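Q: Sequence:
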Amino acid sequence: MDQRSNLRFTITWLSLARRVIQPGGYFGIFCDWRQLPLFTDAAQIAGLHWKGISVWDKTEGTRPNKGAYRAQCEYIVWGTNGPKRKDARKILPGCFRKSNISRDKLHQTQKPVEVMEWLLAITDDDAVILDPFMGSGTTGIAAMNTGRPFLGCELVPEIYRIAENRLTDHVSAIAA
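Take the sequence shown: its letters are residues 1 to 176, numbered as in my numbering.
No lab work stands behind these hints: they were computed from the structure.
Distance condition first, Cα-Cα at most 30 Å in a straight line; then the derived BS3-like pairs of lysine-lysine: (1) K98 x K51; (2) K98 x K66; (3) K84 x K98; (4) K51 x K86; (5) K105 x K66; (6) K84 x K51; (7) K51 x K90.
Since we're looking at a predicted model, the values are computed, not measured.
Turn these sequences into a full structure, and let the hints guide you.
A: And the structure:
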């Protein structure tokens, strides 16, 4: 998808997500350096309040790129739906260091559960967590681990089944 089409698509889904994000509720979007301007612009055009960028440092285990700096981080464009709530008290680190190396990877953009738990920590303890691109369900597992309700969407049936099985197994493990 070219950048203009991606911008239009992102504005559309962020505008739809904004309808279910509570006033003062948070959003976060993972991206690499190439997509930073697109996502910061799209969030604002969609009517969200862009508050900053946090960093997930994937450590030195990422693929080296000879003659260049190692692309060992992903950025999280984050903000709120409307102004930040006045009673917001949490102060969290803006950088999280966790390797992305895993033998259990079920999806090409799968994040470690710990990264998602760190990202969710800014939200209210009872906030409903929405992941419109659920992939393998890692956000859902992090939401369950932190006691938050979760709503996930995935268009690709094969990937949806992976997430469904993974989330079902996690619920069973918690219940045991």
